[in-house]
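The lines below spell out each chain.
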Amino acid sequence: MSTQIPHAGPLLDVSGLTVDFRTLAGPVRAVHGVDLAVMPGEVVGLVGESGCGKTQTCLSISRLIHPSGRIGGRHILFEGTDLLQLGEREMRRLRGARISMVFQEPMSSLNPCLSIGEQLSEPLVLHQGMDWRQAGRHAAEMLGRVGIPEAKQRCREYPHQLSGGMRQRAMIAMALICRPKLLLADEPTTALDVTVQAQILALMLELREQTGAAVLLVTHNLGVVAQSCDRIYVMYAGQVVEEGTTAAIFGRPEHPYTRGLMRSVPRLRPPAGSPDRLESIPGTVPRLDTPLPGCRFHSRCAYAEPRCSSEPPEVRAVEPGHLSRCHFAGQLDHGGAPR
Amino acid sequence: MSLPLLEMHDIAKWFPITSGLLQLHTGDIRAVDGVSLTVHRGETLGLVGESGCGKSTLGRVAVKLMEPTRGHVRFDGQPVDRLKGMELMAFRRRAQIVFQDPYGSLNRRMTAGAIVGEGLHIHRLARRSQVRDRAAELLQRVGLADTDVARYPHEFSGGQRQRIGIARALAVSPELIVCDEPVSALDVSIQAQIIELLRDLQRELNLSYLFIAHDLAVVRHISHRVAVMYLGRLCEEAPRDVLYDEPLHPYTRVLLAAVPEPDPKVPLRPQALPGEVPSPANPPPGCRFSPRCPVAIDVCRREQPQWRELAPGHFVACHVAG
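Protein chains in written order, with our numbering: chain A, 1 to 339; chain B, 1001 to 1322.
Some hints could be false.
Here are the computed distance ranges between Cβ atoms for each label pair [to be verified]:
1. A:Glu105 / B:Asp1010: 35 to 41 Å
2. B:Ser1051 / A:Arg137: 30 to 36 Å
3. B:Ser1051 / A:Leu64: 26 to 32 Å
4. B:Glu1303 / A:Arg277: 41 to 47 Å
5. B:Pro1294 / A:Ser109: 30 to 36 Å
6. A:Pro112 / B:Pro1278: 22 to 28 Å
7. B:Leu1088 / A:Arg277: 53 to 59 Å
Quick look at which bits of chain B chain A covers, simulated, 3 or more residues with Cβ under 8 Å [what the hints assert, rightly or not]:
8. 1016-1024
9. 1066-1073
10. 1120-1127
11. 1217-1223
If you're looking for bench data, these hints aren't it; they were derived computationally from the structure.
Cβ atoms here follow ideal geometry from the backbone N, Cα and C, with glycine treated the same way.
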């Protein structure tokens, strides 16, 4: 959080992103007009509950969504190039080199038939034209840098011989080996134990300092974003409902959904005076295969007024850089107590 | 204090490792290796630990879904291992379990009403004609609609399925419910609903919970006492606030320091924890945490630490603590 963000344009600029899927039950719009920017070297959190579209947003940036899906929107500018206009061959040149990915389940995203060393070397051979021997030496060095002991020996081993934490370290090493500008990390610590999670988060932030890579961190864990992100986007039912700096989102959440989310998380060290009962958000997330007039959160919202069920709210700035998709953004605390 | 409802004494559960054509017995996975604990009436004992520490195995032994390799379970003063026939039936009614996976633990070919009503049939707690009404009542009690009796599991969300699992456990009016990671598959806003439902039911019905989870914040919220498990053994047990505010075992401290708080003003200061959890097939001698422990001394690597009561109700298995 102390890093200097250089005063230049964003590294990644996503505008009006939509992702549509054809399903047996009919078309479903999983992502509904997402605007998102990542500055060089910045760690940006994309948070929300299951089905909110955070993973599809992340996958569309690397154009890795399921073949039944369609990505649309104004643009996905990465270093000034519109990824929506690129062909598959050009995308392949970017993936693993300029943009790389870390996924939730390291076992299913590593190839069980290739040794760790081969998998780490491959991007260097493909993108930088190294020979396999030279790439192998780099791979061992990178494995050492992510904290895997006896890296040379480990390079000869296969994914099943490593523990979950070690596999995720190997994934991160593979993702960073070509020194990408952007790391897309989709729930990188969700499958890990809490002590391992703390180590992996620390490792990602340390490598960010060393390599200058920006990180888009997708997670449902509010603790993880609070501890690692510079800025946060909160998603609900396919839309970004709030965006702001980590301090602003946690200090003065402006969207009723963000507020509800924060109050429903039990705390390890509850602040003095916090209520004994956890607040929960009533009801469930709306289905995306039916039309959703008005605000997508209105049926669960404690502040909803009649207009919320018919008029979709626009994004409003509460203060510079802090935006909320709510008719009453900036006025929640002045309109009386929530009902 | 009165007689505990559940008493587990020196429980071990070893799973044999066999290999080769002849399936020779070559060793044992010591999933649980000498654990004693008690749960009193109306109380929640939280059991925390990381994956593979044996906490779920211990939960299954508690409700006799598995027989222990060693040790005894007593329920309401009665030894559970010798129960047969009607007595075993009675125990099955009084001790229930709620599982983690709300998808895998419900039969997809049965309606919610049939799932909840099955226990009523088996234990003859309702006439055939009343089962459906009673199931509808139970579904309403856990926050579903009475009309949901006719719906199938796939028609419900994850949180709603977990409610069905809770209604199924409640149907037979149990005294003890083992909750094995009941909220870890759920989203946070739904998780809060289920936690508060379990707390309300406890107050109303004087239920006892053995609440097994890896999420330390959730366990703090719901438990009266908390026990911490590592590699098949207990490290520490204490009243809830004592354990979280004054942890004594080095592993408990490492665990608590690793939890990221949802507040950027509380910075994460994880303690370095070298190495990995050893295999439960070949646990280290002495204290099981000693190879990774920041404060281990010679004796820790030789001798198993005693389970010592350092303050009233605060037990620690550590040579160094206190």
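Hint check:
1. A:Glu105 / B:Asp1010: 35 to 41 Å: 37 Å, holds
2. B:Ser1051 / A:Arg137: 30 to 36 Å: This hint holds: roughly 34 Å between Cβ atoms.
3. B:Ser1051 / A:Leu64: 26 to 32 Å: 28 Å, holds
4. B:Glu1303 / A:Arg277: 41 to 47 Å: Since B:Glu1303 and A:Arg277 have Cβ atoms about 45 Å apart, the given range 41 to 47 Å holds.
5. B:Pro1294 / A:Ser109: 30 to 36 Å: Roughly 33 Å apart at Cβ, these two residues keep to the hinted range, so it holds.
6. A:Pro112 / B:Pro1278: 22 to 28 Å: 24 Å, holds
7. B:Leu1088 / A:Arg277: 53 to 59 Å: Given range 53 to 59 Å: violated, Cβ gap about 38 Å.
8. 1016-1024: Violated: only 0 residues of the segment 1016-1024 of chain B have a Cβ under 8 Å from chain A.
9. 1066-1073: Since three or more residues must qualify, the claim that chain A covers the segment 1066-1073 of chain B is violated, with 0 doing so at under 8 Å.
10. 1120-1127: Not satisfied, violated; 0 residues make the cut.
11. 1217-1223: Holds, because 4 residues of the segment 1217-1223 of chain B bring their Cβ atoms closer than 8 Å to Cβ atoms of chain A.
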